[in-house]
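A.B. asks: Using the sequences plus the hints, can you model the full thing?
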Amino acid sequence: MQHSVIHKYFVDPSPDVQTLQVSAGSSIISAVNEGGYIAVYVLKQNPNQPMVEDLKFLVVGTGWDITCSANAKFISTVKVGEFVWHLFAVSELPF
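For the sequence shown, the working numbering begins at 414 and goes up steadily by one.
Think of the hints as simulated: they come from the structure by calculation, not from any bench. Think of the CB as a built atom: it goes at the ideal place given N, C-alpha and C, for glycine as much as any other residue. Heads up, a few of these hints could be off.
Said to hold, decoys possible - Heads up, simulated PhoX-like pairs for lysine-lysine below, C-alpha to C-alpha not over 20 angstroms straight-line:
| hint | residue 1 | residue 2 |
| --- | --- | --- |
| 1 | Lys-486 | Lys-469 |
| 2 | Lys-486 | Lys-457 |
| 3 | Lys-492 | Lys-421 |
| 4 | Lys-421 | Lys-469 |
| 5 | Lys-492 | Lys-457 |
| 6 | Lys-469 | Lys-457 |
As the list claims (entries may be wrong) - DEER-style ranges, computed between Cβ atoms:
| hint | residue 1 | residue 2 | range |
| --- | --- | --- | --- |
| 7 | Gly-438 | Glu-495 | 22 to 32 angstroms |
| 8 | Phe-496 | Tyr-454 | 26 to 36 angstroms |
| 9 | Glu-466 | Lys-421 | 27 to 37 angstroms |
| 10 | Gly-476 | Ser-417 | 14 to 24 angstroms |
C.D. replies: Written out as structure tokens, the structure is:
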């Protein structure tokens with residue numbers, strides 16, 4: 414029987430695309446402020462699957478340029494202190 418699980422990862426803002434190595438078929442489902450840090454939650458459809466893939470995402474601030482916006486799907490906005498961050502899942506980079 415296949416099962417799913419949700420795991421949490423802490424990430425930092427960056428103008429560059431970042432990656433998490435996760436089991437194939439995983440997806441980012443949300444992000445929150447946890448103790449002043451950005452926590453990203455990933456739904457893993459089959460966490461015991463040996464196949465691993467890179468889950469690509471951006472965490473950018475309000476007013477920042479997003480260089481791959483055509484390939485970015487908005488996931489969540491997170492307020493940490495006076496800063497507001499936006500999380501995007503990124504697929505098929507154009508370069």
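A.B. asks: Given a hint of 27 to 37 angstroms, does the C-beta separation of Glu-466 and Lys-421 actually sit inside it?
C.D. replies: Hint violated: Cβ distance 18 angstroms, outside 27 to 37 angstroms.
A.B. asks: Would the pair Lys-469 and Lys-457 pass a check requiring their Cα atoms to be no farther apart than 20 angstroms?
C.D. replies: 14 angstroms, holds
A.B. asks: Starting from the range 26 to 36 angstroms, see whether the pair Phe-496 and Tyr-454 falls in it by beta-carbon distance.
C.D. replies: 20 angstroms, violated
A.B. asks: Does Lys-421 sit within 20 angstroms of Lys-492, going by the straight-line distance between their CA atoms?
C.D. replies: Status holds; Cα separation ~17 angstroms.
A.B. asks: Please verify whether Lys-492 and Lys-457 have alpha carbons no more than 20 angstroms apart.
C.D. replies: 25 angstroms, violated
A.B. asks: For the pair supplied as a hint, Lys-486 and Lys-469, confirm whether the alpha-carbon distance does not exceed 20 angstroms.
C.D. replies: Since the Cα atoms of Lys-486 and Lys-469 sit roughly 11 angstroms apart, the hinted pair holds (cutoff 20 angstroms).
A.B. asks: Given the hint of 22 to 32 angstroms, is the C-beta distance from Gly-438 to Glu-495 inside that range or not?
C.D. replies: Taking Cβ atoms as reference, Gly-438 and Glu-495 lie about 37 angstroms apart, which means the hint is violated.
A.B. asks: Can the restraint linking Lys-421 and Lys-469 be considered satisfied, given a maximum Cα separation of 20 angstroms?
C.D. replies: Measuring from Cα to Cα gives roughly 15 angstroms; hence the hint holds.
A.B. asks: Does the hinted range 14 to 24 angstroms hold for Gly-476 and Ser-417 at CB?
C.D. replies: 36 angstroms, violated
A.B. asks: Tell me if the straight-line CA distance from Lys-486 to Lys-457 falls inside 20 angstroms.
C.D. replies: 18 angstroms, holds
In summary, the structure is inconsistent with hints 5, 7, 8, 9, 10 from the numbered list given earlier, while agreeing with the others.
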